[in-house]
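> Going down the list, the protein sequences come from chains A and B.
Under full-length UniProt numbering, the first residue of the first sequence carries the number 1, and numbering increases by one thereafter.
Under full-length UniProt numbering, the first residue of the second sequence carries the number 1, and numbering increases by one thereafter.
The set of hints was computed from the structure by calculation and includes no laboratory data.
Be aware that a few hints might be false.
Chain B regions said to be covered by chain A (calculated; three or more residues, Cβ under 8 Å) [claimed, not checked]: (1) 69–79; (2) 192–200; (3) 365–371; (4) 380–388; (5) 406–417.
Once the Cα atoms are required to be at most 16 Å apart in a straight line, the calculated EDC-like pairs of lysine to aspartate or glutamate come out as [stated by the list, open to error]: (6) K82(B) / D60(B); (7) K82(B) / E134(A); (8) K333(B) / E76(A); (9) K82(B) / E65(A); (10) K269(B) / D196(A); (11) K87(B) / D20(B); (12) K269(B) / E65(A); (13) K198(A) / D275(B); (14) K269(B) / E85(A); (15) K209(B) / E3(B); (16) K269(B) / E431(A); (17) K49(B) / E85(A); (18) K77(A) / E440(B); (19) K362(B) / E395(B); (20) K87(B) / D219(A); (21) K362(B) / E440(B); (22) K23(B) / D120(B); (23) K82(B) / D20(B); (24) K143(B) / D60(B); (25) K235(B) / D442(A); (26) K333(B) / D196(A); (27) K77(A) / E132(B).
Backbone N, C-alpha and C define an ideal beta-carbon position, used for all residues, glycine too.
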Amino acid sequence: MSDNIEIARSTLLTPASLSDGDLDRVMDQLLTSQIDAADLYFQASRLESWVLEDGIIRDGNYNIEQGVGVRAISGEKTGFAYTDEITLPSLLEAGRTARAIARAGAEGKTRLSRTAPAQQLYAAINPLDSMSEEEKIALLRKLDTEARQQDPRVQQVIASLVAAHDVVLVAASDGTLCGDVRPLVRCNVHVIVESDGKREQGSSGGGAREGFQFFIDEDRALGYAREAVRQALVNLEADAAPAGTMTVVLGSGWPGILLHEAIGHGLEGDFNRKGTSAFSGRMGEKVAASGCTVVDDGTLPGRRGSLNMDDEGTPSECTVLIEDGLLKGYMQDKHNAHLMGTRSTGNGRRESYAHLPLPRMTNTYMLPGQHDPGEIIASVKKGLYAVNFGGGQVDITSGKFVFSASEAYLIENGKVTRPVRGATLIGSGPEVLTEVSMIGNDLELDAGVGTCGKEGQSVPVGVGQPTLRIDNLTVGGTSA
Amino acid sequence: MSEQNQMTTRQAQLEQMVHDLLKEAKQLGASSAEAAVSSDSGLSISVRKGDVETIEHIRDQGLGITVYFGQRKGSASTSDFKPGAIKDTVRAACNIARYTNEDPYSGLADAELMATDLPDLDLYHPWDITPEAAIELGITCEKAALDFDRRISNTEGASINSHSGLHVYGNSHGFIGGYPSSRHSLSCSVIGEQDGAMQRDYWYTVGRKSTDLETASAVGRTAGERTLARLGARKISTRQTPVIFRADIAGGLLRSLVGAISGSSLYRKASFLLDHLGKPIFPAHIQIQENPLIPGGLGSASFDSEGVATYDKQIIRNGVLETYLLGSYSARKLGMQSTANAGGTHNLSITPGDLDLNGLLKEMGSGLLITEMMGQGVNMVTGDYSRGAAGFWVEQGEIQFPVEEITIAGNLKQMFAQLLAVGNDEERRGNIRTGSLLIEQMTVAGE
């Protein structure tokens, strides 16, 4: 882990001839007014993407970003400024701007001490260099061929590869000085199929904090191509989805987006400090059926939502949100934790140096239960079996959330029968998990595709769950 | 230096950067190239419970270059404006182009389509507001919302945003164009509580000029009023019913139309309106147009993201689809010509009808007035539509009670064909202008 701070230092500070003493100086300047806390967030990132369409490598893009964000906190007030020039004068200017949030006050003195988070959940590699350009392109071509070979009804294949290399360094008034090197890769395959003038789409992908080899291992990328075609063909045969409240069985893995929307956002520290969440003030109460345990875990090796440390330098943790049906914990960043008299859980995240940190999720999932998935399906007389989803959304205050199924089937007399078209499912966060009557023994995490949006900021996240039976959930089809 | 002069100087700097980028691309052997540079600065202030919460000083900049080596293409972008970064970025784009394939449809938009007349569209009106004055405005706004009713119990606060930006685009046809613009907004979001259940709603005002904004207290009162109206919301049973999309959320349906008639969806055959050019897709009374050159318009621009001159066009005339929306790439793929819609539309509007919202409610009789949509839930390939919703149940043209935790579903093609009426309560706060929209029938899923 000491490597990470050294890489961060040589990437971010050395080119600008910035020493630790300079950071102390900026911090001292920030703390010369009524400022309780301050931090500097240095970031350099490289992003590369390739797109194949109509059988050719149509487009490629390379993006370079770097800068530093300066935050000063006084009570509940936050001042924030950022600059894309990493130089001492720019830092001092941003600091003067940010600290204007509080005016008069005492002198502060800080000495940054190098702290070394104890975890190395992913290698400090640059994934852009993890494969030659020729190999990246060959991989995309292979995905095109694989998808088209699956079925003659495949009309269009769009495949993409994206790699990001993010180097960050955090210096904070509590003495924190640490760095992280964050690789992230993503691959996606989208297909259009056509039969008798009827068209449908299917899409599949995955990703991790690894190099591109991740997609070659276990034939993962080829699996995405096959899966996208399979989904599209299923949807080609689908009938109208039912409308109304019914028993819903959610498949394992990506349907865990339920937990992200219904539970996760409502348990973020900022909403609970402000009392604006449907879960506010409900700590210790029963908000889920017995047997439901939900965690937010940033410590899973290599996962898309994992972090060695969050964007405030706090090591990520596994935070229990709901334990055996009882509300146990919130996800906190430093600012909200301080105001609520608790400690950060390593959930302070930001899209970039140009954004303020907020309490955000990492990998959110439910622990497995006892039931065989087959037994869960067999228990349902009439209902919906939803296995793949698109996006979701939640109204934190009313607790109402939606998530949209992209692959679903009817369950009739304990058997999965016909596929039905995509439909949005809607429920109430504080109630939906009380309707869980069976928990599968098949916990699975998603393939590494999640992106969460909050206050205009996007961050990579993960979700997961075992197969779940929910007794009452509203399904938004057209067939009454 | 005055703000105006500073902007002129800054614009000249950005134009020089575009020239440098294009020159560098040529030196590295590119047969053609296009570049865009933008710079944005502003202030974002949030206030909560009568005191300032955050002050953010915004300063964003970015440059991007696309190079073509014959029919091969590569792009790169950066926020780094140091002289060396221009060379690095162009080199990165050229490196990408070594690996992309010959694409017969790629390249700049045709030279003869470039905008030659770049009128001043009156888009730049900086707001000389101090952080202190902005904080006061936010406090006034939030207070008006909290004072609206004692059931308004909590607040997410008010925020003030003021941005000024410059955008310059140029390409190796010799086209270069740029303009400054501004955008200011004030918003407020509050929470009401009744019988232990909380509801939240918000309101905002936005304009190119600060003087176009609603007053702070008006924004606060509307936020309070909207929140209050939602208290006591309940589910309704599953049913088929007519629905009205209230003007402030109705733009989403027109965005779906734009998506479905955009070149990239069409050449991928990923649109439910494939092969519908010249065919009726709305009832005969529906007119939809694009007017990119409206002075001061929130979506106004005299050229699109490829330098092509924008122009007024009728998209739907008497219910019939008159044009697709194309950039040069999709146009070539479809064997057509660019419609100056690379990068999207500029000021789309649906011609208002005679009725206001109350008139539309009467016209509907019994049905659902939708005031909030949740989730994505739109399949652009099939037109299947299923989204979360909240709103009000209406009987005999009168609002009865608030409704929540329901979905509405249908198919966009049918929904468009069943667009019975457009209200004259035009929403003008964005790139799409529309009144409330009455749709003959959709499926509501609830209890």
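> Regarding the pair K77(A) and E440(B), is the alpha-carbon distance no greater than 16 Å?
Distance ~50 Å between K77(A) and E440(B) Cα, so the pair is violated.
> Hinted pair, alpha-carbon criterion (16 Å max): K198(A), D275(B). Please report holds or violated.
At roughly 13 Å apart (the allowed maximum being 16 Å), D275(B) and K198(A) satisfy the hint.
> How does the stretch 380–388 of chain B fare against chain A when you require at least three residues with a CB closer than 8 Å, holds or violated?
Satisfied; 6 residues make the cut.
> Run the distance test for K269(B) versus E65(A): straight-line Cα separation, threshold 16 Å.
Judged against 16 Å, a Cα distance of about 35 Å means the pair is violated.
> Are the Cα atoms of K362(B) and E395(B) separated by 16 Å or less?
holds, 9 Å
> Please work out if K77(A) and E132(B) have their alpha carbons no farther apart than 16 Å.
The hint holds at about 14 Å.
> Compare the distance between the alpha carbons of K209(B) and E3(B) with 16 Å, and conclude whether the hinted pair is satisfied.
holds, 15 Å
> Taking 16 Å as the top limit, are the C-alpha atoms of K82(B) and D60(B) close enough?
holds, 14 Å
> Holds or violated: K23(B) and D120(B), Cα atoms, limit 16 Å.
Violated. K23(B) to D120(B) sits at ~28 Å, over the 16 Å cutoff.
> Within a Cα-Cα threshold of 16 Å, do K333(B) and D196(A) meet the stated pairing?
With a Cα-Cα distance of about 23 Å, the restraint between K333(B) and D196(A) is violated, given a limit of 16 Å.
> Would you say the stretch 365–371 of chain B counts as covered by chain A, given the rule of at least 3 residues with C-beta under 8 Å?
violated (count 0)
> Can the restraint linking K49(B) and E85(A) be considered satisfied, given a maximum Cα separation of 16 Å?
Since the Cα atoms of K49(B) and E85(A) sit roughly 35 Å apart, the hinted pair is violated (cutoff 16 Å).
The structure fails hints 3, 7, 8, 12, 14, 16, 17, 18, 20, 22, 24, 25, 26 (numbered hints given earlier, in ascending order).
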